[in-house]
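Participant: Sequence:
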Amino acid sequence: MSIFIDKNTKVIVQGITGKEGSFHTQSCLDYGTQILAGVTPFKGGQTHLGVKIYNTVKEAKEATGADVSMVFVPANFCKDAIIEAANAGIRLCVVITEHLPVLDMLEAKTYAKKCGMKIIGPNSPGIISAGECKLGIMPSCVFEKDKINVGIISKSGTLTYEAANQIKAQGFGISSAIGIGGDAVIGMAYDEILLEFDKDEDTKAIVMIGEIGGELESNAADIIRNLKKPVVAFIAGASAPQGRKMGHAGAIINSKNASARAKFEILESVGAYTVTNPAKIGEKLKQIYNEGKFYDHKR
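Everything in the sequence shown is counted per full-length UniProt numbering, starting at 1 for the first residue and increasing by one.
These are computed hints drawn from the structure, not numbers from a lab. Treat each hint with caution, since some may be false.
The calculated DSS-like cross-link candidates involving lysine-lysine, where the alpha carbons are at most 30 Å apart (straight line), are [as the list claims (entries may be wrong)]:
1) LYS280 x LYS168
2) LYS280 x LYS145
3) LYS286 x LYS168
4) LYS52 x LYS113
5) LYS118 x LYS145
6) LYS19 x LYS109
7) LYS19 x LYS52
8) LYS43 x LYS109
Using the sequences and the accompanying hints, generate a full structural model.
Facilitator: See below:
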């Protein structure tokens, strides 16, 4: 199984004809993702990468039945693209676009919530359910299933790939991996996704990769406390000078719970297995597996 997307997911790409949209849409098509339509205003009726183009999301949805959108629209127009998807009845919008203005994302997120549409991102590498469906820019070669699978949630694209590679090296597979994005305002956060992984029969453990800044990791603690499955957590930015933004827009220490030390302490207090070096994620998973702590695994 997987979470949010699978081999039956039908997808629309907003911004499919742009440089980035074209490149990564082709990669997703090569992976086997069912991309049934593209949306680019004033290019309706054309075909691009073998995919029919529509002027609006509503037209594309009505013609294909797709209910998931992948967004490569430039930042200045991205708010309108998200709102258009929500208006059209899309259930999940995966926003790869970066540099989306904070106020635009606040407005788009509020509107999407009213419409019942979930958002992954912005500034996200996307989501992949291994062997079934890829939406985004992740390198598919490091995401493979095996007999025992682990789920990944991360603010960092690069560390998502690194964690997947380590999980593979320890003899495990990946069920689904989600990059939630490192912006100050994002769609789905750790807490909601942790619950989905906990319900997924194919996921036996979860890796959560966070960073300094904000309180999303701390907010996830109450969820982790009650999960059936073990969580291995890493917080990036432990050596960052206080008050300095480190790469991601959301990575600035602005409260007592936003430092790496505070997040490690909070996560450990609810039973998460923490590592202070991302190179130890795979080893920690192997350790807790050998201790018989993977969920429902018959060794």
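Participant: Between LYS52 and LYS113, is the straight-line Cα distance small enough, at 30 Å or below?
Facilitator: holds (29 Å)
Participant: Hey, LYS118 versus LYS145, does the alpha-carbon distance stay inside 30 Å?
Facilitator: holds (25 Å)
Participant: Holds or violated: are the alpha carbons of LYS19 and LYS52 at most 30 Å from each other?
Facilitator: holds (17 Å)
Participant: With the threshold set at 30 Å, check whether the alpha-carbon distance from LYS280 to LYS168 stays at or below it.
Facilitator: Roughly 13 Å between the alpha carbons, so the hint for LYS280 and LYS168 holds.
Participant: Take the C-alpha atoms of LYS286 and LYS168, compute the straight-line distance between them, and say whether it is at most 30 Å.
Facilitator: holds (11 Å)
Participant: What's the verdict on LYS43 and LYS109, does the C-alpha distance respect the 30 Å limit or exceed it?
Facilitator: holds (27 Å)
Participant: Holds or violated: LYS280 and LYS145, Cα atoms, limit 30 Å.
Facilitator: holds (21 Å)
Participant: Is the Cα-Cα distance between LYS19 and LYS109 30 Å or less?
Facilitator: holds (26 Å)
Checked against the numbered hints above, the structure breaks none of them.
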